[in-house]
Amino acid sequence: MAEALLEVKNVKKYFKTPKGMLHAVDDVTFSINKGETLGVVGESGCGKSTTGRVVLRLLEPTAGQILMEGQDIAKLSEGQMRSKRKEMQMIFQDPLASLDPRKTVGQIIEEPLKIHNIISSRAERQKRVLELMEIVGLAQRYYATYPHELDGGRRQRIGIARALSMNPKFIVCDEPVSALDISIQAQILNLLEDLQQEMGLTYMFITHDLSVVHHFSNNIAVMYLGKIIELASSDELFAHPTHPYTQALLSAIPVPKLENRRERIILKGEITSPINLPKACRFASRCLYATKQCFGEEPDLKEIAPGHQVACFLKDKPD
Amino acid sequence: MSERMKNGAASEYALEIENLNVEYHVDKEVVHALNGISLKVKKGETIGLVGETGAGKTTTGLSILRLIPSPPGVVKGTIRVMGEDIGSLSEKQMEAIRGKLVSMIFQDPMTSLNPTKTVNDQIAEVIRLHDKIGKKEAAAKAGDMLEMVGIPRDRGVEFPHQFSGGMKQRVVIAMALACSPEILIADEPTTALDVTIQAQVLDMIRDLKKQYNMSMIMITHDLGIVAEICDTVAIVYAGSIVEYGTLEDIFNRTAHPYTVGLFGSLPNMDDRTQRLKPIQGLMPDPTNLPSGCPFSPRCPRATAECFAKKPELQNIGGEHLVACHLVKEG
Numbered sequence: 108m109a110e111a112l113l114e115v116k117n118v119k120k121y122f123k124t125p126k127g128m129l130h131a132v133d134d135v136t137f138s139i140n141k142g143e144t145l146g147v148v149g150e151s152g153c154g155k156s157t158t159g160r161v162v163l164r165l166l167e168p169t170a171g172q173i174l175m176e177g178q179d180i181a182k183l184s185e186g187q188m189r190s191k192r193k194e195m196q197m198i199f200q201d202p203l204a205s206l207d208p209r210k211t212v213g214q215i216i217e218e219p220l221k222i223h224n225i226i227s228s229r230a231e232r233q234k235r236v237l238e239l240m241e242i243v244g245l246a247q248r249y250y251a252t253y254p255h256e257l258d259g260g261r262r263q264r265i266g267i268a269r270a271l272s273m274n275p276k277f278i279v280c281d282e283p284v285s286a287l288d289i290s291i292q293a294q295i296l297n298l299l300e301d302l303q304q305e306m307g308l309t310y311m312f313i314t315h316d317l318s319v320v321h322h323f324s325n326n327i328a329v330m331y332l333g334k335i336i337e338l339a340s341s342d343e344l345f346a347h348p349t350h351p352y353t354q355a356l357l358s359a360i361p362v363p364k365l366e367n368r369r370e371r372i373i374l375k376g377e378i379t380s381p382i383n384l385p386k387a388c389r390f391a392s393r394c395l396y397a398t399k400q401c402f403g404e405e406p407d408l409k410e411i412a413p414g415h416q417v418a419c420f421l422k423d424k425p426d
Numbered sequence: 423m424s425e426r427m428k429n430g431a432a433s434e435y436a437l438e439i440e441n442l443n444v445e446y447h448v449d450k451e452v453v454h455a456l457n458g459i460s461l462k463v464k465k466g467e468t469i470g471l472v473g474e475t476g477a478g479k480t481t482t483g484l485s486i487l488r489l490i491p492s493p494p495g496v497v498k499g500t501i502r503v504m505g506e507d508i509g510s511l512s513e514k515q516m517e518a519i520r521g522k523l524v525s526m527i528f529q530d531p532m533t534s535l536n537p538t539k540t541v542n543d544q545i546a547e548v549i550r551l552h553d554k555i556g557k558k559e560a561a562a563k564a565g566d567m568l569e570m571v572g573i574p575r576d577r578g579v580e581f582p583h584q585f586s587g588g589m590k591q592r593v594v595i596a597m598a599l600a601c602s603p604e605i606l607i608a609d610e611p612t613t614a615l616d617v618t619i620q621a622q623v624l625d626m627i628r629d630l631k632k633q634y635n636m637s638m639i640m641i642t643h644d645l646g647i648v649a650e651i652c653d654t655v656a657i658v659y660a661g662s663i664v665e666y667g668t669l670e671d672i673f674n675r676t677a678h679p680y681t682v683g684l685f686g687s688l689p690n691m692d693d694r695t696q697r698l699k700p701i702q703g704l705m706p707d708p709t710n711l712p713s714g715c716p717f718s719p720r721c722p723r724a725t726a727e728c729f730a731k732k733p734e735l736q737n738i739g740g741e742h743l744v745a746c747h748l749v750k751e752g
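Chains as they are written, first to last, in our numbering: chain A, 108 to 426; chain B, 423 to 752.
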């Protein structure tokens, strides 16, 4: 059996708002095996990015454990966490907003090496930066250029090189290809795949793009209003989506094919507010099959097949 | 507006574009945004304009409304809306066309709405601009439009910020359809929306299009949306149409290496382990286009001829047009 690199147990992240507590992440539990990818999907506001940030402790969890190789990083002091962060990096959606516009490509990639004092000799550092640039497919001539002079794909490569500079074990990729054109998106996805193979990286891949997540992930967690509502292997989830929300979500993907079109499930309404949630299934108000029970109780994640968990009361809904 | 335009009897096409060229003269450089685009859209037909950032999709849409700022824009070529050459119209005549004969929906609904006016007032404003009716009547019609796009009439008194992204896009669509246009230009109308909301909005656009028998130009980068909504497709690359045909031509008889590359870049939903086949390199700089085929620097099959001479669109069967030296007729 593969070994878990990261285990997240009952993690919550609440935000205080004038209207009440906002349950951004509400009791999520999952684990990611070494060298594998967990895809986290869901729509705007479902808590997927917040989960990514909490896992890296860029946001402090309200409750729960985050075990990185068995060690609970939620309990680490700030100093300990800083050094732990070398192992845990992040790649952001908007490469331009996450790169300092006043620094050159070389300086951006070099910065973490300086901060963590990993390579003190300037010449050695430059050598390492050029090496990283080669790994991510950035030509050496861009060493002294600024991010705004480059296109989106190259900017994203800078972000990846910077994350790799620490030799991380784990990378949270938050919508890393959403801002890119299709042909460039495929280049970056292939790069991330190659890096995973070569360096044994473990990814948490956050996205709203279901065809990308299917291609890229071993396992997929579907989130809705701060909860994981379904968790399964990528193939299992796409073959047997079980939660009514997952079914609707998958059926809504526009498929670039003329044959074998799926029947669409059109959901009514929109995501509700994560503030002052009633004790009920969070999807009940939009669910096509909701019963009285769904409006009165909250379902827990239950295993329905090996490795396939679903949070839904319904048993005899259509497949 | 002439009589001819009103009943549109002059042509079987709602829109004809012939050899459209758009350049922007900025400083000492010339940006070649569109380089000789020609296309025709029949009444009631939906054409998909597909391409990546900077291909010229939006510029094409704006040209049809004559909204290219000049200077720095220089527009050449002919555009006929319901048979009438819009190049010969005065600015005043053009204002009568915008929103009445041709409407456009933009990608970002947040920036297309006025934050200081209630949504009902904004829709009524468009109606009163084109139809000579009273305030009360216009307000009532605006309410009808809201209901048509699935928003309860009584929410018309609210302001845009009180609506979610999907609802705002519905308001924008209601506004675009308020005067029953002949042609709707939809510029990435669902790109900013979540996938379940996108499905709702696409469904609605399709129904309304049928109901109004509109022609539509769907500008998108998403081949999945094209497969669901469009009748014909134009693949745009660096300001030129490189492939044009029916849905079947483009999806099942893909001919141009760029179109092949676009499909290869998409994850295979049936086999997730299949490696993506991206197109190498980047879109050319529009101030410095290659002298031959615009795709030649990225094309895996390019020959000496491709670097030397820009290929013309040629018919390879039915209505399937391809601009490629390597694709022969038949």
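Mixed in with the good hints, there may be bad ones.
SDA-like cross-link-like pairs, simulated, lysine to any residue; straight-line CA separation at most 20 Å [said to hold, decoys possible]:
# : chain 1 : residue 1 : chain 2 : residue 2
1 : A       : 234       : A       : 218
2 : B       : 699       : A       : 301
3 : A       : 364       : B       : 691
No wet-lab data here; the hints were simulated from the structure.
Remember, predicted model here, so these are calculated numbers, not experimental data.
Hints versus structure:
1. 234(A) x 218(A): holds, 14 Å
2. 699(B) x 301(A): With a Cα-Cα distance of about 14 Å, the restraint between residue 699(B) and residue 301(A) holds, given a limit of 20 Å.
3. 364(A) x 691(B): Holds, at roughly 10 Å.
Violated hints: none; the structure is consistent with every hint.
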